[in-house]
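Please arrange chains B and C on chain A, whose structure you already have, making use of the hints.
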Amino acid sequence: MTPELGQLALILALLLALAQSILPLVGAWRGNRALMAVARPAAAGQAVFVAMAFGILAWAFLRFDFSVQYVADNSNLALPWYYRIAAVWGAHEGSLLLWILILNVWTVALAAFSQKLPEVFASRVIAVMGLIAVGFLAFIIFTSNPFGRLLPMPGDGADLNPVLQDPGMTFHPPMLYMGYVGFSVAFAFSIAALLGGELEQAWVRWARPWTNVAWAFLTFGIVAGSWWAYAELGWGGWWFWDPVENASFMPWLVGVALIHAQAVTEKRGSLRAWTILLSIFAFSLSLLGTFLVRSGVLTSVHAFASDPRRGVFILAFLTIVVGGSLLLYALRAPKVLGGKPFQVVSRETALLISNLMFAVAAAMVLLGTLFPLIGDALNLGRISVGPPYFGFLFPLLMLPVVLLLPFGPFLRWGKGDAPVLKQLLLRAGIAAAACAIVAAFFVDGQPKAIAGVAALVWLTVGVLLYALKRWREMPRGRRYPAEMAGMLLAHLGVGVFVAGVLLSESLSVTRDVRMAPGETQHIGNYDFRFDGVHHTTGPNWTADQGVVTVTRNGSETTVMHPQKRTYPRGQVQTESAVDAGVTRDLYVALGEPMDANDVEGAWALRLYYKPFIRWIWAGGLLMMLGGLVCATDKRFRIKRSARAEAGAEAADGLQIQETRA
Amino acid sequence: MSRLLPFIGFMLLVGLFGFGIWWNTQHDQNAIPTPLLDKPAPAFNLPKLYEPTQMVSKVDLLGKPYLLNVFASWCIECGVEHPVLTAEGPTLGVQLVGYNYKDAPDDAKGWLAKHGNPYDLLIADEPGRTAIDFGVYGAPESFLIDAKGVIRYKHIGPLTPDVMAKELKPAIAAMLKEAP
Amino acid sequence: MPMNPTRKRRLTIVLSILAAAAVAAVLVVLALQNNMNYLLTPSQVQSGEAASYNTFRLGGMVKAGSIQRSSDSLKVTFTVVDAGGVMPVEYTGILPDLFRDNQSVIATGHMDGARFVATEVLAKHDETYMPKELKDAMAKAHEGKQVKDAGNGESGMENR
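Protein chains in written order, with my numbering: chain A, 3 to 663; chain B, 68 to 247; chain C, 13 to 172.
If we strip away everything but chain A, and leave its shape as in the complex, we get (with noise of 0.2 Å):
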């Protein structure tokens, strides 16, 4: 019975987003404010009716319901509960439901911050948010219905896929989704700005700090996908370039052009064509993305023939929302694309250069991502492109970044000051040199690691020597304010993860090996012992476990106990043992028995030893933090008086408090 209520709530939510999205558009259009306001408690019984969707959907995984397809397909009897929690986005239909939960999360933050905009503003803007909806739910109900029944009811069920059985898969796409769906907030600023052709700049201002967190929980999932797969996956990788990573890559390369491009159209009004068309861009990719990882249909041509609905349905969807919204654009875009001018030698400038590299980035990755899918449907064959060529590119387009990064702050806005920034080289650059030729004698002299460290002492000697900047010329209070401080610590987070990156890279051994129990390999300053396999059981498996002793100088460092793991429907998974460390981590994986019938015996091992492989994700995490650390500052926070200034139509924008930056 349950179940067709979930069904019956998500057609109750899409009627409601219809309301949400038509009616106050109308309004707004036409001034009418009893349809305009109509948008937040739409938007609020939206929310209500899909998060009791979501909810029947978790209880029936909490009861064993294997009436429910879905629940049959991804859980079974012996699946802990927080798994089976877990299970309700491990699958195609259910992390769509998750989708729009997170979806009206954001509305109804917005709709509850958003009460000192303007209304026709913020009714255009939760109307967009409501078309949004309408066509996740629409897709939803028609073609990817997760409240289907399976008669007769099985006993069990299947299974969750082993590999989403960790803690880490587990919050991975709900973090990621937090920072997918949040930019369809910035998408909807932009949308609604073009709509009521805002000539001034102020809904940029509004739009930074949901930008900023949107962008931050994006990174965390990035990081929390690529911690994981090098957890789980026993290769001792942590990015791959394939299309479901990439898929996640590009919206966030777009999101660092858009965070910056939106500080600069809000400060000074100028790049507001970047401003709009990035936000754009960047919600097309999270969609692209989705659908990509989500439903397979847009990763072979022939899929199509096979289940034409879905893929029409996202080509259809794709098509009119970034198609519409480039045309809206066309015909909206503010015809003075003023703002104040700036030099060649500007901050503009340089966030210019760094937002286009970005851009190159993100596309260079689409081409590459989408080449098989262009060589499918021209029928040049089954083409794959290679991890080289990202990894050729990438690190290419990125090297003018860090290069201008830490004169980013230095450089004054419309015109830069020479002298500033002649020390500025002076200093950081000697001592990123003096540092990268002591690093030469460590490292043997790897080029890709002394050209790591040379990169964190010149991003890290940047940000200080700005810190320091900051510290004497501004009085108490005022010296780091939130954007500033949360700027600092993301550029901080840029030089310990190039580092981190560059080091590993190029100072990581790894070693297949055929061990018999009691022999040692010697791998860095490490002796890793093979202490043989045995048998050992968990909640819903069973595996054959390791026992490996690492000893430095002959005093133990750790015993590590790598896994392979076997789960009811047979699948094999390892576990590998890895021992974290701030300057290294060793990792040890169990690849097979050598004789098949001797568990007892010689084993064939995969030892890593990993130097600064932490330090990746580390930068990362300062990169999320200095995101959410921005958002916070108090510039962000709508006064009152904000209803008046943005109804003046000034067409010179607003006068905004400038700290002396």
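No lab work stands behind these hints, which were simulated from the structure alone.
Mixed in with the good hints, there may be bad ones.
Partial list, derived from the structure: chain C residues whose beta carbon lies under 7 Å from chain A [unchecked claim]: (1) A43; (2) L44; (3) N47; (4) M48; (5) N49; (6) Y50; (7) L51; (8) L86; (9) G105; (10) I106; (11) D109.
For lysine-lysine, the following DSS-like pairs were computed, each having C-alpha atoms within a straight-line distance of at most 30 Å [as the list claims (entries may be wrong)]: (12) A:K269 with C:K20; (13) A:K269 with A:K342; (14) B:K233 with B:K106; (15) B:K125 with B:K236; (16) C:K20 with A:K417; (17) C:K20 with A:K424; (18) A:K269 with A:K471; (19) A:K342 with A:K424; (20) B:K131 with B:K176; (21) A:K636 with A:K471; (22) A:K342 with A:K636; (23) C:K20 with A:K342.
Have a look at the derived ranges for each label pair, beta carbon to beta carbon [stated by the list, open to error]: (24) C:N46 with A:D158: 46 to 52 Å; (25) A:P169 with C:T104: 30 to 36 Å; (26) A:G33 with C:I25: 39 to 45 Å; (27) A:G33 with B:G85: 36 to 42 Å; (28) C:K87 with B:G160: 49 to 55 Å; (29) A:P156 with B:R196: 47 to 53 Å.
Here a beta-carbon is modelled for each residue, glycine too, at the ideal position from N, C-alpha and C.
Just chains B and C now, kept in the frame of chain A:
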């Protein structure tokens, strides 16, 4: 106007992609019309699988219709098709001739021992040269050949119950109706 | 006609963007060309389609009973098959978890005489990406019916 550029660019991409998909679905046929349909089957002379000294030729098989089923031990799909063939083969009303394709005889015999042997007759084409005359691309493939040695129906891929019901059996029925 | 400084600046900017775009385009094309890997099935390789590629990906199913591991090294040999062809493969290293009989597999490597030497073996049964690609390749090579999945939803990168 430069403001239209992003829109135009995007629609061009969509158009290209959409065209590619449409073009692809037009050329992606499930049933390739074989040039040999309603033409005489090629002449062949192949050894029996279990008695390799005995040869079987097309002439030997004239007079009674048969289903020529191309299979091999290394062919995964044949394993899928085999139970169907075993279950429904006897009900078809025609002889079942197994055509062992590009397979080592021992492997084939082992596979048949394991999965069962529904065939009335088994011939082997280890080099696979005769198969080329039949236009065989791989395994499994099935040919319905009538009493006069003419190919009446060809199926590429495994014979599923669906294919049996919707295509093969009607083809057999049509063929048997006109037989004298 | 003398150019005023704004014009000159604009022109420099436009030209440098064009130049940069040209360089970028060339780099991208080069990078793509060098890193494009075609997927071929054993029957396609046997009919000579692999001749023009140095490195390529071989896709098919692992023939039951063909997996042979060396007892003293990490070398493994096995046979990859599709509807029309057979290909012996050699690989040194640890195989992925999902690797077993009748599993769909994609190996990257090159030909060494009559056998395929793999540098990477993937048996990730990723519902959303690989098997469809492999399925299509195999179906295309066999010119016809869609290959039905033997199992469903095992492991993979589905939910990243």
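**OP:** Closer than 7 Å between Cβ atoms is the bar; does L51 of chain C clear it against chain A? Give me holds or violated.
**Re:** Hint holds; L51 of chain C Cβ to chain A Cβ min 4 Å, cut 7 Å.
Next on the checklist: Using the nearest Cβ pair, does N49 of chain C come within less than 7 Å of chain A?
Outcome noted: holds, 5 Å
For the hint on L44 of chain C, does the least C-beta distance to chain A fall short of 7 Å?
With a minimum Cβ separation of about 6 Å from chain A (threshold 7 Å), the hint on L44 of chain C holds.
Restraint: Y50 of chain C near chain A, CB-CB cut 7 Å. Satisfied or not? holds, 5 Å
Is the Cα-Cα distance between K342 of chain A and K424 of chain A 30 Å or less?
-> Roughly 25 Å separates the two Cα atoms, so the pair holds.
* Asked: Is it true that the C-beta distance of P169 of chain A to T104 of chain C lies inside 30 to 36 Å, as the hint says?
  -> At 34 Å between Cβs, range holds.
Margin query: Run the distance test for K233 of chain B versus K106 of chain B: straight-line Cα separation, threshold 30 Å.
Written below: holds, 22 Å
Q.
So if I understand the rule, the pair passes when the alpha-carbon distance is 30 Å or less; does K269 of chain A with K342 of chain A pass?
A. It holds: about 9 Å lies between the C-alpha atoms, which stays within 30 Å.
Q | Hint status (Cβ of D109 of chain C to nearest Cβ of chain A, threshold 7 Å) | A | Constraint on D109 of chain C satisfied, holds at 4 Å.
### Assessment of proposed distance window 39 to 45 Å (beta carbons of G33 of chain A, I25 of chain C)
holds, 43 Å
Review point. Measuring from the C-beta of G105 of chain C to each C-beta in chain A, is the shortest one below 7 Å?
Key: holds, 5 Å
Compare the distance between the alpha carbons of K269 of chain A and K471 of chain A with 30 Å, and conclude whether the hinted pair is satisfied. Holds, because 21 Å separates the two Cα atoms, which is no more than 30 Å.
Violation of the numbered hints given earlier is absent; every hint is satisfied by the structure.
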